[in-house]
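*Asks:* Place chain B on chain A using the hints.
As they're listed, the protein sequences go chains A and B. Under my numbering, think of the first position of the first sequence as 371, with each following residue one higher. Under my numbering, think of the first position of the second sequence as 371, with each following residue one higher.
You can take every hint at face value.
As the list makes no split between identical chains, a pair holds if one copy fits it or if it spans any two.
Below, computed lysine-lysine pairings styled on DSSO-like, alpha-carbon distance capped at 30 Å: (1) Lys710 - Lys394; (2) Lys720 - Lys710; (3) Lys651 - Lys615; (4) Lys615 - Lys720; (5) Lys615 - Lys758; (6) Lys497 - Lys710.
Just so you know, these hints were derived from the structure itself, not from any lab. For clarity, every value in this text was computed on a predicted model and none was experimentally measured.
Protein chains: 2
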Amino acid sequence: MTDTASAVHVAIAGLGTVGVGVAKILQQHAALIEQRSGKAVSIRAVSARDRGRQRGINLADYAWCDNAVDLAAVDDVDLVVELIGGSDGPALALARAALERGKSFVTANKALIAVHGEELAQLAEEKGASLRFEAAVAGGIPIIKALAEGLAGNDVSRLHGILNGTCNYILTRMEREGLSFGEVLEDAQRLGYAEADPTFDIDGIDTAHKTAILAALAFGMAPDMANLPTEGIRTIAPVDIDFAKELGYRIKLLGVARKTDEGVETRVHPAMVPLAAPLAKVMDAVNAVVVQSDFAGETVYEGAGAGEGPTASAVVADIIDIARGNQYAPLGIPVGALQKMPVIPTESHKGTYYIRLRVDDRPGVMADITAELARENVSIESVLQRGKAPQGGVYIIMTTHLTIEAAILATLNHFTQLECVLETPTMLRIEAV
Amino acid sequence: MTDTASAVHVAIAGLGTVGVGVAKILQQHAALIEQRSGKAVSIRAVSARDRGRQRGINLADYAWCDNAVDLAAVDDVDLVVELIGGSDGPALALARAALERGKSFVTANKALIAVHGEELAQLAEEKGASLRFEAAVAGGIPIIKALAEGLAGNDVSRLHGILNGTCNYILTRMEREGLSFGEVLEDAQRLGYAEADPTFDIDGIDTAHKTAILAALAFGMAPDMANLPTEGIRTIAPVDIDFAKELGYRIKLLGVARKTDEGVETRVHPAMVPLAAPLAKVMDAVNAVVVQSDFAGETVYEGAGAGEGPTASAVVADIIDIARGNQYAPLGIPVGALQKMPVIPTESHKGTYYIRLRVDDRPGVMADITAELARENVSIESVLQRGKAPQGGVYIIMTTHLTIEAAILATLNHFTQLECVLETPTMLRIEAV
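This is chain A alone, in the form it adopts within the complex (with noise of 0.2 Å):
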């Protein structure tokens, strides 16, 4: 067995950039990381799916499993290191068998950590193991840290993120260069800025993963994907990003999560952020998050999410943190204190809408639409007239007055069976963070 009094031995499952990231951060910083973590911090084992790659790095020191499983059970393995991602599959294997171990886990993924993080955190406390993921959020940006330890002496009443770099760059891009979505995702992807099955990315599902852990962090409950309404970026045509330009507003992709009285609600959606917010400056692959709680009032995180260096770097802290012997329940709270909290619907918030219609350009039309507003009792804040549509028609958009959301899903639904309406309306929730 190890000496674990002065050294820890990490095995590392997945050798693509971030695990290379690992291994040349454990590798150049040696000295550093044994200074600050009062530990000799060495990598006994790896694994991955091809060991002929070249990746830049010499591995030759280590022990190789073909089978990440297989590295839990190395005798002189204290930590293991999970970047193979997915939420079930070898990951969930590994993260399984390291933990019922009794060896510290330590991923940079979202997906496991969202699905799983409930019955993980609770085998790691039955084991006395930690388990981190400060990596599986906003890359190199502490947020985990903030939240856990940071900000533990608050009540975390809401936060904001942008928590998909894949996203802000194409809605960056989008606004400077006036491409529509789909030129600018396809120029993502030959730049390997999005991957060639993008859907996890541009669908918010990516951006769910990561709400489900910061609002389980900030609230003290269980990751629940189950109750977070999910949208992504495909449906932002480039003339929302004009008006919204127009209105003083930029579009973001953002995971929310709120508690109030009611309970809690979680959501992931692009949204209408004024540009004076802080992040309605977060621009390209950059994310950031905003919280608000009682005591520290507003803070923002901001840096970048991805990439080899960024997450590597969060992967290690949480190895140093380990090594230091900063241990407590991987949630911020015991599991069995973990609040089953009343979720709040989709359709009981109370927000600030903007509506986009391609309609008739005829007499009359305004007057209908109106009438519909007025039907379900939506109070309009402006109401924009456009020039012609390049497919026939014209633009209305309308901004509204805080709404219970059932009632502009109401009026949407009348709108779409409204002969002037030309297409099915494009809404967008006013967020102003």
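*Replies:* Coordinates of chain B only, in the frame set by chain A:
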């Protein structure tokens, strides 16, 4: 003796705004804090100058010490919180007394840590006690934790901070309302945003204390107030704020720490920050820090830098960390491992500069001025001349290309000897953060 396995007993020295805030959090969030730290955290004893003062919290259950230093000797106290202030006197005596007894010590006192941090860290290490000071820098923003833990796997190369809310508030109001420094200061004092004696804030000393602490954690060195050239904001004139805007900058008081192959450079001064840079957008009394590190890249932290809630939140985060057993060398690495790096003198700083002159409005003046610049090999990026200055003469505004600071200082010296130059030139460094 107390059972520290299940409880942490706290003593608080100083019951001003922050002390009261800490007591409020520990009272109001007792259950939450017990869940998060795994231990009941309760106040045992307090000390303040005036026992009779009404503070809006119930102190009846706590032992009272007239002399703060006596708190360290209260038997069942495990952890002493110092909120007295001042680098020496009772704050230092209490720190020594608590750590000597192996009790943990948490402080919001930047002067104490900036001046005596190395000695106190050494004492804490010898006695196996915790010494924590999250609240000493940037209030509610967990920036100490970010540097010492979140970015622990990184080599930090530079950081820039807006660390004094009073100065940022004054600069913000000077810009928004077109007022002079003196006018805003007076109003800020009336409103309680500035102290009756504002020297520590407006002359940059408070920012220097905080910069020394951040540099220590970032670079693995002892806090070094002896090599921290410090300038405040007294000399900033409304005309500089106007010219800054015209040139695309905003003036901010910055704490700067930079590490290169040649050594370490720390300094505090007002600087021109490009309007698009993160720190230019930080307004009012908000604090922010931008950190550049080798793997995580640029990360930004922003929030309330002072006040009851934010500062108390940071103190309580430290208390929870200690309760959880998250203990490491107070300066991030053991005192014995701290580096003594060469100090890069201000004169060797390479940067770009803004210079404002008030000169006679007659032919030949520009030739005289540019001759002095040429003499010191200073290359000009832009020159502006603007109509009459209210006190007579005209303003000439220059920005330079990359130059060594010694050349700028020599040029300024030449300028003051020119007959056409009507007042001491104003120089501001340009910092692209």
